[in-house]
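Please model the entire structure based on the sequences and the hints provided.
Chains as they are written, first to last, in the working numbering: chain A, -12 to 572; chain B, 7 to 585.
Warning: the hint list may mix true and false statements.
Claimed, not checked - Here are the computed lysine-lysine pairs in the BS3-like style, where the Cα-Cα straight-line distance is at most 27 Å: (1) A:Lys482 x B:Lys339; (2) B:Lys193 x A:Lys482; (3) B:Lys392 x B:Lys355; (4) B:Lys358 x A:Lys469; (5) B:Lys355 x A:Lys469; (6) B:Lys100 x A:Lys469; (7) B:Lys392 x B:Lys339; (8) B:Lys193 x B:Lys100; (9) B:Lys358 x B:Lys109; (10) B:Lys109 x B:Lys197; (11) B:Lys197 x A:Lys482.
It should be emphasised that the hints constitute simulated quantities derived from the structure, not laboratory data.
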Amino acid sequence: MNYTLSKGGRPGAPVPLRAGVKRFVPLMKGEGGAVAISLIAILCSSFATLIAPVIIGHTVDNYIARRDQHGLVLSSLLLLGVYVAGVVASYIQVRTMGSAGRRLLFRLRNSLFTRLQELPVAFFNQNKAGDLISRLNNDTDKLNQFIAQALMQFVGSVFMMAGAGIFLLVLNIRLGSAALLPAAAALLVTRTTGTWVKNRNLKSLQGLGGMSSEIQESLNNFKVIVAFNRLDYFRRKFQAANDVNYAASTAAGIANNLFIPLYSLAGTLAQLAVIAYGIYLIEAGQITLGLLIGFLLYVNSFYQPMRQLATVWSSFQMGLAALERISEVLALESDMPVLPAAEPASESVLSFHQVHFRYPDGKEVLHNISFELERGKAYALVGPTGGGKTTTASLMARLYDPTEGRVLLHGRDIRSYPHAERTQRVGFILQDPFLFTGTVRENIVYGNDEYASCSSEQLASVLAEANLSTLLERFPEGLETKVAASGNSISLGQKQLIAFMRATLRRPDLLILDEATANIDTVTEQLLEEILAKLPASTTKVIIAHRLNTIDNVDQIFFVNSGEIIEAGSMEHAVDMLLHHKRAS
Amino acid sequence: MSPRGAKPPGAAGLLGLLKPYSGLIALLLAMTIIANSLTLAVPRLISHAIDTFGKPGFALGPVVLQFAAVAILIFLFTYGQSIAQTYASEKVAKDLRSRLAGKISVQTYEFVERVSPAKLLTNLTSDVDAVKLFVSQAVASIISSVFVILGASALLLSINWRLGLCILAIIPVIGITLSLALSKVRKLFRKGQETIDWLNRVINESILGSALIRILSSQHIEFEKFSAANTQSLGIGLSILRLFAGLIPIITLAANLATFTILLLGGHFVIAGSMSLGDFTAFNSYLSILIFPLMVLGFMSNVIAQSSASYARLGMILAAKEEPKTGTLTELKGDIAVDNVTLAYGEKKVLKDVSFAAPAGSNTAIIGPTAAGKTQLLYLLIGLLKPTAGAIRYDGEPLEAWDADALHRQVGFVFQDSVLFNLTLRENIAFSSSCDEASLERAIRAAELEDFIATLPEGLDTVVSERGASLSGGQKQRVMLARALALNPKVLLLDDFTARVDSNTEQKILRNVRELYPGITLISVTQKISSVEHFDQIVLLMEGEVLATGTHAELMETSPEYVQIWDSQRSTSTYELHA
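Here it is as structure tokens:
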């Protein structure tokens, strides 16, 4: 399955305004209360803003002009009350909607991360870490900003515009139409440019994602860049990404900033239209000068919120673009579902039935492979590099599903096991050991429900029982030695020791070691062999190795080459094939 | 207290950042002022039209023309202002990123690991964006707000200084509230950015470890880690919100109190006869001019706090000292000497007083158990780490005396773990800038990659995926070797290179290296004695100490530890000898 996320250049499908707004609706699920409270609060604070000048005007006309001290004090106190109410309402609005935005950010990040965890390994091979990080951190934040800062302004502005618009039309339908005509034109421009603006924002977010990918790749591989004297490489690659991001961001900024001037222009033109048409109407004797002056003021109460709308419009488009990039990840489904359980069809621990496999858009790497592994036996996979050993092992652990044919675990299709059960049964020590930042202890009990909550003493005795204590001597502070995912605090050999301990402690039915000891010295390796020998007799072992001493004592050797698997009669036979077969790739 | 004083110290640094863009900023300010003045002219145009309408000589045409011209000019200047603002902010961000990248690129490997790539990623993206926000939203509005506040204050004082002072009293109230909130909120913003570092790390590890997570079905553990970071981020976000949700109403209320004061006190003055109704009205209208920029400053305080917190984080990178480049030597012969080298991480000594010499053209193997310090020794040789004591010498001269670039061009290093870039195979192999076509071909031949590359439809132009997921372990390792050989190095450092390659291929490769790169000084960390038996010397390293140095035959005589390692590999050798 193709999991590649779009990287740019692809113009997004046009999103009509209403559909765009609809996309935000499911995000606000569970926030109905917050939205309702904010809505009431923003109406209250708008009302307070509108009523305050009326009170002032009233006070001046009725009390100050008439020198009424008592009325002045009362009226001033009323004004104070309105101000306080307005401030409280706006506090409630900002607080409620801001919290809703932060919660949305929290939920979106969680669901994105959960989705990433549900996707198979193939997804991560096809996408860049930096871009995914950018989607999770930056894009979600753009949505938060829209919800927290813009959504209510958006709603409030639309509300006030609607009210003012109706008022204008009721007051005088002809003059009202003239006043609203520029607004209609501006909205038409907004509507037709919506897709263009959103795509520019999308490109800008993609630029950020691309830059993040460059940084991520270069900094994680910094030692090679230093050792090969290619600091210029980092600078150049970064500069290129920086330039792309700059161009995309500037283009988005220019598009986003079109609307404030545009709506202001509409507002000025509306005043012009009202004056010109109004004067014409007065000359025709149809309206009075007083109506015209009043109308000019009311026009502002329509265009002022419209200008505010423009400030949130770009935030809305940015939010839409961010949502598109987020939805793209959320829409991905794993193509490795768990099938309903079927009756066992074979006795062996694990078997391959006419398995073919190809990587996405690659050539076939395994051709029609069939074999059976028996309980308690040890197997070795040998063969030249690139022959298909790791791929075979990955299919055993269901990191991938075969393109054709079936893999059976305990006679049942491996696809019918729930993930937890399958991973409990199949242990796999990967070729490239990976450690999470933390301590040796955390890494050893990582993913192990049985021992995760053990105290250090309990864990020490568990490790002693499993003969693993001696391996801990390789770490200066034992279980409490600190390790980091990146960096050189511990060696590859030590990482392999941790991976070995982690896998054997889980006591799987089938344990796959993919060059699991490649960087461990041969003396320690003998120790590992002893530990393996003491695993329960029922454990089936599959060992992939280049150093042949590791596979001395296996029951059966498979020679893997060019995507085919041949049973070798003996060690000599295997060595002979290794030496005389042309290396496959 | 003036609004200028209300700015936190960080804002001064931010303004300093803008110095090189003074032209653009001046243009931006000019546009802003023109656009604002034109906007103020509109009411005049309207009142003029209404006043003259009906009088003799009134013509609608010129009024419409004048009005339309002003409308279009406003549009042009406002849009021009936005465009200038966009360019200024994006340019500041871009240049700041380049400066940061330039700084990072001259730092040591150790610096990058210490600061951590996760934090540097936040620095280069999210922190720079916060600074950008300052330019795009805050600069123009702060400066024009300050102008308006000063002007309106002067007008207020000139009309009635007593009432004026009463009103201006709100400015310090707002200023103090702002600066108190800012000092608090900047800490929060800083913590917020640190949480982003944390999120970056968790996400990155969950991606790098994706295969392991799927093998252990440990998705829930990763989710818990992520959720912890995300929950903290939520908490900080809500704290910031609480501060700002409170701050803005306080400023609004303070401004409102001014209106209230004017109405009550000014009304009183009018009633008492000490102020005219006209002055009262004027006072009111100037106050409304004063209040708006004060509110703007309140809103902008959020942006200022966020961007100055981020800028302070960037300051640590920008202020990082560059390693002085002292070395001048360039032509390497290939003699290597390790003199009494000790490497310690705090109390813990990884290498203790290690010494050996490898003359030009010789082959040296370093053998020893896991965690003996072999990889660190190689890192010292290439200068990725610095010894705590002792010296590394090339041709008798200490490492510091060498020009680092020249040395790196002549010393090839094959890392233990595969590091591949999302580039074509050609670019991955010819990674060094000094690699020509002939060197590339020779390196590919030596690393036994010809056959593999021949099977690829796009050959050398095949793009390798990030982290090299499309190649097998052995293929990756051979690409790493070819990358080192493509330098035509005088010295080749191999870190456990043979671990992932079958012994048949390994033999061929070592033969190729001897034939195609005669005279190369080879230092190979390895586990396998059989492949280095014939080397000029073997250094046995255990727990950071050199236990023995000598040829295979000598060590078999003198070192029981060596014999033990040899014994542990005997069974294999019989097969390999037999073959």
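How the hints compare with the structure:
1. A:Lys482 x B:Lys339: Outside the cut-off at roughly 36 Å; violated.
2. B:Lys193 x A:Lys482: Roughly 38 Å separates the two Cα atoms, so the pair is violated.
3. B:Lys392 x B:Lys355: holds (13 Å)
4. B:Lys358 x A:Lys469: Measuring from Cα to Cα gives roughly 21 Å; hence the hint holds.
5. B:Lys355 x A:Lys469: holds (15 Å)
6. B:Lys100 x A:Lys469: violated (37 Å)
7. B:Lys392 x B:Lys339: holds (22 Å)
8. B:Lys193 x B:Lys100: holds (26 Å)
9. B:Lys358 x B:Lys109: violated (33 Å)
10. B:Lys109 x B:Lys197: Holds - the C-alpha atoms of Lys197 of chain B and Lys109 of chain B are around 24 Å apart, at most 27 Å.
11. B:Lys197 x A:Lys482: violated (32 Å)
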